[in-house]
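2 protein chains.
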Amino acid sequence: MNVEIISIGDELLIGQTVNTNASWIGKELSYLGARIVKTVSISDQKKEILEGLSNIKNTTDCVIITGGLGPTKDDITKHTLCEFFNTSLELHKPTLEKIQYFFALRNRPMLESNNLQAELPKSCRILENNYGTAAGMWFESEGTIFISLPGVPYEMKGIMTEEVIPKLKLQFELQSMFYRTALTQGIGESFLAEIIKDWESKIYSLGYSLAYLPSPGIVKLRITSTRGKKDAEEIDKLFKELESQIPKYFFGYDSDTLASVIGSQLKAKNLTIGTVESCTAGKLASTITEVPGASAYYLGSLLTYSNELKHHLANVGKDTLLKYGAVSEQVAIEMAKGGQHKLGVDICISATGIAGPDGGSAEKPVGLVWVAIATPNKTISHKLQFSQHRGRNIHMTTLSALNLLRIALND
Amino acid sequence: MNVEIISIGDELLIGQTVNTNASWIGKELSYLGARIVKTVSISDQKKEILEGLSNIKNTTDCVIITGGLGPTKDDITKHTLCEFFNTSLELHKPTLEKIQYFFALRNRPMLESNNLQAELPKSCRILENNYGTAAGMWFESEGTIFISLPGVPYEMKGIMTEEVIPKLKLQFELQSMFYRTALTQGIGESFLAEIIKDWESKIYSLGYSLAYLPSPGIVKLRITSTRGKKDAEEIDKLFKELESQIPKYFFGYDSDTLASVIGSQLKAKNLTIGTVESCTAGKLASTITEVPGASAYYLGSLLTYSNELKHHLANVGKDTLLKYGAVSEQVAIEMAKGGQHKLGVDICISATGIAGPDGGSAEKPVGLVWVAIATPNKTISHKLQFSQHRGRNIHMTTLSALNLLRIALND
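Chains as they are written, first to last, in the numbering used here: chain A, 1 to 411; chain B, 1 to 411.
Among the hints, erroneous ones may be present.
Claimed, not checked - Here are the simulated DSS-like pairs of lysine-lysine, each with C-alpha atoms no more than 27 Å apart in a straight line:
#1 Lys57/B <-> Lys122/B
#2 Lys57/A <-> Lys202/B
#3 Lys93/B <-> Lys46/A
#4 Lys27/A <-> Lys157/B
#5 Lys337/B <-> Lys342/A
#6 Lys27/B <-> Lys27/A
#7 Lys202/A <-> Lys78/A
#8 Lys47/B <-> Lys93/B
#9 Lys267/A <-> Lys378/A
#10 Lys78/A <-> Lys78/B
#11 Lys167/A <-> Lys197/A
#12 Lys78/B <-> Lys98/A
#13 Lys202/A <-> Lys169/A
#14 Lys47/B <-> Lys57/B
#15 Lys197/B <-> Lys93/B
#16 Lys269/B <-> Lys202/B
#17 Lys169/A <-> Lys157/A
#18 Lys323/B <-> Lys323/A
#19 Lys98/A <-> Lys342/B
#20 Lys323/A <-> Lys248/A
#21 Lys47/A <-> Lys267/B
#22 Lys46/A <-> Lys202/B
#23 Lys267/B <-> Lys240/B
#24 Lys57/A <-> Lys220/B
#25 Lys47/A <-> Lys202/B
#26 Lys342/B <-> Lys337/A
#27 Lys57/B <-> Lys57/A
#28 Lys318/A <-> Lys122/B
#29 Lys157/B <-> Lys78/A
Please keep in mind that the hints were generated in silico from the structure rather than gathered at the bench.
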C-alpha cells in the first residue's frame, strides 16, 4: 500500500507548529507495512488544497489528509473536498447526535458552527470522532482512498486508531509485515550497538531487519520480518537472548512503559510505593500514576522542594542538610527512608538534584542528581549526571530512577 | 519571494524523525516576509528526488532542499543534483581544506568518504559549512534558486544563518512578516470565535489575518501582518482589546505558559505556593516547576492518592471523607486548606477527581474533578467535567487549575 500524507495549515508552513501528525501517521502505517511515498504540507487555501489533491501519484493507494476541519471559518477543507469529489454537504444525523452528546456531557451550549460540523459530504463514508466534534471522512475515487481527518493530534490519533487502521487492514493485505520492539533504558545507541553486535549479526543472518529507535533516555530495538507472523516465535527467542545480555537496560516490549512494568512488579509482589521528590517535583509520581489502576500500589508522595520541607515533611536531619547540602547521597537516602515511614509505603524513591539552568557549582554542576530507593530490606543510592537542560534533566532523572527501581524489584 | 522546502530522508517518511528542519526554515523565512508555499518530504532515492525537483511550481523563487548530503553511501542528493542541473563533480579545494582542518581540530583521522565530500558540482556556488563536513550548494536555473543543505539541524541552521539568509536578502526585497500570538485557556475554538467575532472582523478590516491554533485545553490566536514590524504597535493595541474582552481565558503571549505567567504573578506579589494533589498525582507541581527559578515561590507539595494520606498528611477530616467521598467539593477545600497549613505556603491548590478509565459512577462519572484554591484571604472551589481519557483528564485538570489560580491572583 503506497501512502501520501497531506497536512493542511499555514501554521505548519510558517513553522509555528511542527508537523508531528505526519510523523505519527508515517510511523503507524510503516509499522503495518505501508510505504509512505511522500508527505506534503500546504496552505489552508482552496486553490492549494485542490492542487495538492490533483498532484497525487497514480501509484498511490491511499491519501491521508489532516487539518482544516475545525468549526471556525478559516477551515475550508470540507468544502474543497466536496468540490473535488463533486458532491455536496448534507446533515449527518449520527454525527449531529454525537456532537450534541459531546456538549451535553460537558454541560455547554452548542453553537451554530458546531451544528454545521454535522453537515458532511454525501459521497463519503463517515469516520467517527470520539474525541472531538469534527468527523473524519473516507472517499474513494478511481482506486485511490482519500481520508480526511482533523488536525488536532489527539483527535486525529483517535480516529486513525479506531476507524482508519482497522478499515485499511480489511482492504489491504497489511499483515505480511511482522515486527516487535524491545525497550531499553539507560544506554546510548552506539554503546548498545557495541554490546550487542554479535546478536545483531545473527538478526541479519536470519533475514530480519533491525532498527534502532532512539529517544531521550530510551532506545527501542525493532526487529521486522517481511514474512509475517510465522516468524513471531523465532523473534521472541531472539529477544530472550537479548534480555539476558542486557538485563540492566532491557525493560519491556512494544507498548510497555517503565511505569507499567513497575506497576506489574509491585502488584505481583503486593507492595506499595510512594516518592519523595525535590528536583523532579512530581514528575516521578505523575509518571508512576500514568498507569490506569495505579491506586492499587501508589499511595502518595511528598514533594519537598525547600530544605524546610525536606526536614519537616520527610524527617531529613537538619545537620545532614547542613553538612552535605540538599543535593547529596546522604540527603537522598534520608528522604527515601523518611518517606517510607511518613507515607506508610513499602518502597519509597527519592530524587534530589540541580535541574538547572542555574544553581550549579564546580563541585555540584547543573544536571547532578542523587536518587535513593528504600525497600523493606535495603536502601540503594545512585549518582546521575546529566546536561544543562532543565526539562531534559527532569525527564532523564525520572526514567533512570524508575529503571533502578525495576532492577531492585527483580533482585 | 515564494519558497518551497524539500526534505529528503526515509527517516522522515517513516516517522522516525520529526521534521523540525522544515518548521525552522519556515519560521525564519516567514519572518523575513517570504511566503512558504509548500513543504514536501520524500525518500532518499534518485527517482524521487528528481521528481521532487521537477515538480516545483513556476511561481516559486527559491527551493530549499535539506538532507542527503552526509558521507555515507545512502546519501545521493549531490549526484542527483548534478544530473538535474546537467553538471559534474570536481574537487573544491577550499572545502577540502576546511574538512581537513575540521578533522585535525578534533584529532581524528579522515576517511575516504570525507575526502569525497569536497567533490562538489561545478556549476554551483558553494555555501560554507562551519559546523560539519557537508558544504551547502546554491544553483540557479530559469529564474529559480535551488539551495541544498545538510539535514543535521545544527549544520543546516548554521549555513542558513551565515550564508543563505544574507544572500537571499541581497537578491530579494524581503519585507518583514510580523506576527504575534495571544494564548487562551478554558474555552473551545468555536465559543471563542462567537465571543470575539466583532473583534475578528476588525482584524480583517485592518488588513491582517487571524488564525486559531487549538491544542488540548489551549487555543492560540495569531495575528499576522504582511507589512512588517511597523504594524507591531497597532497589533499590540488590538490584543489589548482582546484581553479586556476575555479576561477569564486570555493568559499571555507567544512563548508564555500558564506556569510562567503564574510564576511572575507570585514573584511580583511575593507569595509562596504548594499543591495537594490526588488525581493529578504531581502533574500540577511538575508543571509549576517547569519554570527555571521556580524555587523562589514553589516550596513543596503533598500527593495524597489514598484516603489515609488525605487525612494524615493534609488534615482532611475522616468524617468529611466518609460523608462526601474523596471526590467532592468539601474534600478539595479541606485538602487546599490543610496543605496551606502543613506546607507553610501562602497559596495552596488542590485537585481531587476520577481520572479514569475506571472508578466512575452515575453520580460521579469518570472525568469529574474538584479543584480548590486556598489563598491568604479566601478559598475558591470549582467543579470540572472532562472525558473518559485518563491522560487527557489529568492534562486538562492541570491547565484549568492553573488558569483558575491566575484569575484568583489577578483579583
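**Prompt:** Does the alpha-carbon distance linking Lys93/B and Lys46/A stay inside the 27 Å limit?
**Reply:** violated (49 Å)
**Hinted pair Lys337/B and Lys342/A, Cα distance within 27 Å** = Holds, because 20 Å separates the two Cα atoms, which is no more than 27 Å.
**Asked** Is it true that the CA of Lys47/B sits at most 27 Å from the CA of Lys57/B?
**Response** Holds - the C-alpha atoms of Lys57/B and Lys47/B are around 18 Å apart, at most 27 Å.
**Request:** With a cut-off of 27 Å on the C-alpha distance, tell me whether Lys169/A and Lys157/A pass.
**Result:** holds (16 Å)
**Hinted pair Lys342/B and Lys337/A, Cα distance within 27 Å** = holds (20 Å)
**Request:** Verify the proposed pairing of Lys57/B with Lys122/B, using a straight-line Cα cut of 27 Å.
**Result:** Satisfied, since the Cα-Cα distance of roughly 25 Å is no more than 27 Å.
**Asked** Are Lys202/A and Lys78/A close enough, with their CA atoms no more than 27 Å apart?
**Response** Outside the cut-off at roughly 51 Å; violated.
**Asked** Is the hinted pair Lys47/B and Lys93/B satisfied, with a Cα-Cα distance of at most 27 Å?
**Response** violated (30 Å)
**Prompt:** Do the alpha carbons of Lys78/A and Lys78/B lie within 27 Å of each other, as the hint requires?
**Reply:** violated (40 Å)
**Asked** Is Lys78/B within 27 Å of Lys98/A, Cα to Cα?
**Response** violated (53 Å)
**Message:** Would the hint linking Lys47/A and Lys267/B be met if the CA-CA limit is 27 Å?
**Reply:** violated (50 Å)
**Request:** Decide if the proposed pair is consistent with the structure: Lys197/B and Lys93/B, CA atoms, cutoff 27 Å inclusive.
**Result:** This hinted pair is violated, its Cα atoms lying about 61 Å apart.
Against the hints set out earlier in the document, violations occur for numbers 2, 3, 7, 8, 10, 11, 12, 13, 15, 16, 18, 19, 20, 21, 24, 28 and 29.
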